[in-house]
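Q: In order, the protein sequences belong to chains A and B.
With my numbering, the residue at position 110 of the first sequence is 147, and numbering never jumps.
With my numbering, the residue at position 77 of the second sequence is 334, and numbering never jumps.
A portion of the hints provided could be inaccurate.
[Unchecked claim] Cross-link-like lysine-lysine pairs, in silico, BS3-like; alpha carbons within 30 angstroms at most:
1. A:K170 - B:K360
2. A:K117 - B:K360
3. B:K307 - A:K123
4. A:K155 - B:K360
5. B:K280 - B:K360
6. A:K198 - A:K67
7. A:K98 - B:K307
8. A:K117 - B:K348
9. A:K112 - A:K98
[Stated by the list, open to error] Derived list of chain B stretches under chain A, where covered just means 3 residues or more per stretch with a C-beta under 8 angstroms from a C-beta of chain A:
10. 292–306
11. 309–321
[Claimed, not checked] Computed from the model, here is a short list of chain A residues facing chain B with C-beta under 8 angstroms:
12. R109
13. D110
14. N115
15. D163
16. V166
17. T195
18. I199
19. G202
No lab work stands behind these hints: they were computed from the structure.
Note that the Cβ used here is the ideal one computed from N, Cα and C, for glycine as well.
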Amino acid sequence: MMLKLFAAAFAAVLLIGGAADAQGTNSGAKLNDAQIAHIAYTAGLADIANARQALKKSKNKDIRAFAQEMLRDHKAVNDKALALVKKLKVTPQNNDTSKAIAKGQADKRAELAKLKGKAFDKAYADNEVAYHKTVNSALESTLIPSATNPELKSLLETGLKIFQGHEQHAEHVAAEFK
Amino acid sequence: MRAGMIVLVAALSAVLVAPAGAKTVTVMMDNVAYVPVNISARVGDVIEWKNVDLVAHTATARDKSFDITILPNKTRTLTLKKAGEFDYYCKFHPNMTGHISVKP
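Just chain A, with the same shape it has in the complex (with noise of 0.2 angstroms):
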């Protein structure tokens, strides 16, 4: 239930950004670049915490593994979009759908923290295809065609491929615990 608000605040912020800029400061009706690549290191990042607390408390050799590769995956394209904001010279400009991933993914893991062992295994496999569902999405959708410099274009299409492969592990992982 959690998920499907989450996913679906999400989702409204993204469809909303538009609307929200053009009261802002920026001109343009869609996200910019720089809103795009801080949009895309955030929900690197908020994945990354997510695993670090998988790996604190899971005991499960496939929870752990998958977290694993979360770790490595999520860390490698994130320093790949740092090298890339600082060779545009872009800033990554916080807004708020960045906020809305990382709030959503922090109140994830304050549930979390509170489940042991198999409950805990399952509500994070649980999460992690729920949330690599969103982001997906929202990287085809809304965060793919906005983006106007083509090398972050290309980053972020990557991307969206190396994390629907995490979104179909995270479904074989999903899959042990129902």
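Fit chain B to the given chain A structure using the hints.
A: Chain B in isolation, oriented as in the chain A frame:
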């Protein structure tokens, strides 16, 4: 009987890995895909996976006959030992799939 089998296998191996026929087939791991997706080779040939992606990948056979992890900017090889059709995928990114057709 057993000794005879070993001799036979050894003789066959000698024929199969004869340098004349052996070749190396390169498969790139690029943008979360095996390129090319489908390859054909013969027993004794070598498959060489080159990972030019940002992240680690694996080449994992569905029938578990091989399972190789290739880190970014690394290359790893596999010498084909038996004939058959092998579907494989990346354990980390199961949307990444490939196929090797190995002829005797």
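Q: Which of the numbered hints above does this structure break?
A: 1, 2, 4, 10, 14, 15, 16
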